[in-house]
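Engineer: Here is what each chain is made of, one letter per residue.
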Amino acid sequence: MAGSVRILQMTAPLTSADSRLAELRDALPDLRVSNHVTDRIAYARDLWPGGQIEKLAGKHAPEPPACVVWPKDSAQVVELVQWAKAKAGVGGDPVVLVPFGAGSGVCGGTMAGAGSVIVDLKEMDSVVRIEPHNNLVRAQSGIIGWHLEDRLNMEGLTLGHFPSSLMCSTLGGYLATRSAGQCSSLYGKIEDMATTMEVVTGTGEVLETGRDMGGGVGPSWTQLFIGSEGALGFITAATLKVHPAPAHRMMRGYGFGRVSAGCEAIRRLMQAGLRPAVVRLYDEFDTVMARSSAEKGSEADTLLDAISGRVKGSGAMPWLKRKALQMVLTRPDVTNRLIEELAPRISADGCLLVVGWEGDKRLTEVQARLGHDELMRSGGKDLGEEPGWHWFKNRYAVSYKQSKLFTSGAFVDTMEVAATWDRLMDLYEGVRKAIAPFAFVMAHFSHAYPEGCSIYFSFVGPATDPGQTRQQYDRLWRRGLTAATRAGGTISHHHGVGRSKAHFMTEEHGNSLRLLQTLKATFDPASILNPGVLGLS
Amino acid sequence: MSVPQSEITGQLAEAVGPENLSSSPVDTIAHALDFWPRALMKSRSGPWPRGPKWVVWPGAAAEVAHVLRIASAYALPVIPYGGGSSMVGGASPRGDRPWIVINCKRMCNILDMDEVSMVVHVQAGIVGVELEERLNARGFSLGHVPTSMTTATLGGWLSTQSAGMLSSRYGRVGDLCLGLTAVLPDGQVVHTRVAPRRATGPELAHLLIGAEGTLGVITAAHLRLHRLPLHRRFDSFCFEQVAPAMGALRQSLAAGVRPLVARIQRDPRLRRSDREQDAPEPTPADLSRRVLLLAYEGPVELVEVEQEIVRDLATALGGEGLGQAPARRWWGQRFAAGFRMTPLLVQDHLFADYVELGATWQALSGLYDNLEEAFEKRGWRTRITVEHARLEGASLGCAFWGEADSAEAALEAYDEAWRLAARVCHAGGGGLGHVYGGGQHRAALLDDNAKQRLAVLTEVKRKLDPAGIMNPGILGTE
Ligand SMILES: Cc1cc2nc3c(=O)[nH]c(=O)nc-3n(C[C@H](O)[C@H](O)[C@H](O)COP(=O)(O)OP(=O)(O)OC[C@H]3O[C@@H](n4cnc5c(N)ncnc54)[C@H](O)[C@@H]3O)c2cc1C
Ligand SMILES: Cc1cc2nc3c(=O)[nH]c(=O)nc-3n(C[C@H](O)[C@H](O)[C@H](O)COP(=O)(O)OP(=O)(O)OC[C@H]3O[C@@H](n4cnc5c(N)ncnc54)[C@H](O)[C@@H]3O)c2cc1C
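Read top to bottom, the protein sequences are chains C and Z.
Just add 4 to wherever you are in the first sequence, counting from 1, and you've got this note's numbering.
Just add 7 to wherever you are in the second sequence, counting from 1, and you've got this note's numbering.
By construction, these hints were calculated from the structure, which means they are not laboratory data.
Note that the coordinates shown come from a computational prediction; the quantities given were computed from them, not determined experimentally.
Mixed in with the good hints, there may be bad ones.
Unchecked claim - Dumping the calculated SDA-like pairs for lysine to any residue here, alpha-carbon to alpha-carbon at most 20 Å:
no.	chain 1	residue 1	chain 2	residue 2
1	Z	Lys49	Z	Arg101
2	Z	Lys458	C	Leu211
3	Z	Lys458	C	Glu209
4	Z	Lys60	Z	Ala39
5	C	Lys365	Z	Arg318
6	Z	Lys470	C	Glu209
7	C	Lys126	C	Trp74
8	Z	Lys60	Z	Gly17
9	Z	Lys470	C	Ser541
10	C	Lys365	Z	Thr322
11	C	Lys365	Z	Pro306
12	C	Lys365	Z	Lys470
13	C	Lys91	C	Ala530
14	C	Lys89	Z	Glu466
Turn these sequences into a full structure, and let the hints guide you.
Structural biologist: Written as structure tokens, this is what we have:
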């Protein structure tokens, strides 16, 4: 109880919020709406770690939305847009509508600031139809990924989209952020899956962006709305390709002495015309994380076990754990260097590469065999099936419950960049070096393509002094993303830009940003949709 | 409106160099028509259409930019021109305005070849076959092989989101594009950046891919490549009807097989040139028979398994194995079919064209039958091929031709044939204009959803091209 009282004090009722609510109730009497303080706080943030740091500093919801609404169908979304447009026309306090899926985004994509109207789409969550003969499904965008997959599984089908956040994110969120699942090498990213979508644009128009069978005449509006992060329109439904649920699955682990050797092996695998479902290469430190048991304890425990395990072989003792945490948190730069020094000596297997294959039995088996030969030719050490299945069992262990590290006086975050193969090692080294002074950093390479690969950096930094932490955190991101663009990589492979990376859009896109601005001017001329994301006002 | 033409000529000469500018009839006549059958038919009885006023051959994006700035200043309409193989009038001038044609073919260099990532950076004016040959020489292939390979350019492909005969495996040309350079109507040169994949907003290259030159001129692109295959295999199956052939193909794709080629067509053994001298006339059963032609490539063991899977599925649906020969034979003649239709159009009262529509598998066999029936009822001949097969559906390519009493009647019949095709297509849930784009022709024939999408294009165009200089009249733009 004490906690909630504190929260109430921190977010004193805003009068503008109340008047907005009244207007909204007047204009759209059938729309479910709430300005309850609990809702406003709950929806004030997504899972952007920068926000979690602010929470540690006691700022739970400094800029809460005015209210939350739950439209039932796209007609209500249209009405909402019309209402907001009309408001924008008469001046005064502009209305900002924020498309909201499940708030699992990690870059502040739904944090549009005080007074915004959060439009939670989760009541639009039905599977409209499954067409097994066309290998297609049509679903409303508010459906949780897990539920959609479940429905498909009942028909013997799969979407093949497995982000770690599968249980706490929506189809609309995937499409809006160009999300990637763990089996992207086989099934593609979400942009490879959608054939057409229904969107309600910022002009209130309902547009079907393409056809069930791709193609058509003119530019692909489907591709232009995927990744639009709520800045061009509400994605209200989508048609996606589906596949027969895999009849067979094979997993295996391989060891590589150095990260670069592992990368080279992945490149050759992908360029040989094979299509593994899972490809994940862990750098030296991440390998220890990946192989230790995530089941038995918290992420923090695993991390500390891993660090202290490094120092003393196996079986960490409590004092060593504490020491390790202290070391990480006070001198991340030293820790990083230490690990680098120790890395070659610690693990005989070096870096772990997990490879998985799935689908038709015969196709799976032959590809696994060919892939195995290719990896052995690349100098891999066969570690057998165990490391592969170990990963598989723990693949959703990354929890949407926020990391316990936050309460242990640390912050954690991830940075997922990508580049073509020729730049990949530069990208790896560059970003690593840029982050290392601020946080303890490890990485894995997942989402591989014939022409390149993504790198997923995880980092842990000290969060002892709230004020300073945010500064350090921001500096870390600035340095990291600068290094990424300098190395010729993209600043995001699948988390999106949101607000936290918005000021990097020019580095990312150069002058082609003008095309995006043109889309914004076309689809949201009144600037009522999620201003601020993607660097768009 | 009086346009100071000599002044413009002088400025254009400055932009591209006088040797790369022409108003000579040799050049303007050559750029007056593309491969749109209707315009070709019209020209055989009527006067040769007016060509552009100017043809320019810029050598770089900066020169294209210069030309576009001149065009903007005088509000002159511009056509970006690749190989002129457009089947829909996308590359030919219309009305009697003084057009500038930007012929892109001088921009034909490979700028960079990254063999590690298997990515090529190449200028957009390069002709398809030349690009492919140059890549082959280094052990790579683009995998984009439209029938018009010898004529069409990379810029034309991208602008029409072209689909080649290997699309089941490699996708459309837009799927191969990792980034591009384009000159916008006001002369700004923009580059969309290269990454294997990204999540930093919409994929901006897609605003120009498929825009058919209405938003800008594409001058270069980064394309993903694959290695030239060591193994290629062929296979063929004969079915009593088209539907089980489609079923076998659909199931194979769902199983994860990635054929290089997959098409369903009439039994090639019925072809006059292939028949024995004294063979009996084909029976109706012969005529309804369909053959599934397949090719595979990749590691040999993988190819063998793919072949096995398809064979099992085809056999289960009553397919009779015909072995490699029919598919291999088709492969050998794969470019011959393309321009076969063109001579038809020179004969005065004939009309012909190629309807291409896309549909999901469930809609496909109904569309196939209805289209065939509708055309045959009018006494028009058709040959329908199922091509560009993918997980969720395929295209029907329906070549049609017929003879009328006069040149005018032939044009009328042609228009009627298209209206008919559009009706059948819409009623059956297909999408018209699935391969060749819209050009001057298809926009009016589209269903309401597709028209709405083009209306959106017009909106975007107003923003990027307020003077309306870029290929106005294409895709329903003004
Ligand atoms: C533990 C954890 C693991 C994760 N793992 C992955 C992973 O493996 N792969 C991956 O790609 N991501 C991952 N993410 C990030 C996140 O889950 C994805 O970005 C996801 O796509 C967001 O979906 P959401 O429904 O929660 O969207 P939200 O967070 O609600 O919104 C994200 C953005 O999309 C917009 N948006 C949402 N719905 C719509 C709509 N219907 N129409 C228009 N705009 C909309 C919002 O305005 C916002 O800009 C992870 C996050 C967490 C917390
Ligand atoms: C016999 C024959 C067979 C064919 N087979 C196929 C096939 O198998 N698959 C297929 O997809 N198509 C096919 N086509 C159609 C045609 O070849 C394609 O549409 C091709 O992509 C056009 O390329 P092009 O270079 O000839 O372009 P053009 O005909 O010159 O132009 C086509 C359109 O693109 C625009 N454009 C051209 N270059 C640029 C540029 N650099 N920047 C911006 N806009 C530009 C033009 O303005 C025009 O609107 C065939 C055509 C013929 C005649």
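Engineer: Confirm or reject each hint.
Structural biologist: Status of the hints after comparison with the structure:
1. With a CA separation close to 13 Å, the supplied pair Lys49 (chain Z) and Arg101 (chain Z) stays within the 20 Å bound.
2. For the proposed pair Lys458 (chain Z) and Leu211 (chain C), the alpha carbon gap of about 11 Å is at most 20 Å, so the pair holds.
3. Of the pairs offered as hints, the one joining Lys458 (chain Z) and Glu209 (chain C) holds, with about 14 Å between alpha carbons and a cut-off of 20 Å not exceeded.
4. Between the alpha carbons of Lys60 (chain Z) and Ala39 (chain Z) the distance comes to roughly 10 Å, so the proposed pair stays at or under 20 Å and holds.
5. Proximity of Lys365 (chain C) to Arg318 (chain Z) is assessed by CA-CA distance (about 15 Å); at most 20 Å being required, the pair is judged to hold.
6. Under the criterion of a C-alpha separation no larger than 20 Å, the hint pairing Lys470 (chain Z) with Glu209 (chain C) is consistent with the structure, at around 18 Å.
7. As the CA atoms of Lys126 (chain C) and Trp74 (chain C) are separated by approximately 7 Å, the hinted pair is consistent with the 20 Å bound.
8. About 13 Å separates the Cα atoms of Lys60 (chain Z) and Gly17 (chain Z), which keeps this hinted pair within 20 Å; it holds.
9. With a CA separation close to 17 Å, the supplied pair Lys470 (chain Z) and Ser541 (chain C) stays within the 20 Å bound.
10. Of the supplied pair hints, the one linking Lys365 (chain C) and Thr322 (chain Z) holds, its CA atoms being roughly 19 Å apart against a limit of 20 Å.
11. A threshold of 20 Å between alpha carbons decides the hint, and for Lys365 (chain C) with Pro306 (chain Z) the separation of about 17 Å falls inside it, so the pair holds.
12. For a cut-off of 20 Å, the pair hint linking Lys365 (chain C) to Lys470 (chain Z) is broken: about 52 Å separates their Cα positions.
13. Note on Lys91 (chain C) and Ala530 (chain C): the hinted pairing holds, with a Cα-Cα distance of about 10 Å set against a maximum of 20 Å.
14. About 18 Å separates the Cα atoms of Lys89 (chain C) and Glu466 (chain Z), which keeps this hinted pair within 20 Å; it holds.
The structure fails to meet hint 12 from the earlier list, while all remaining hints are met.
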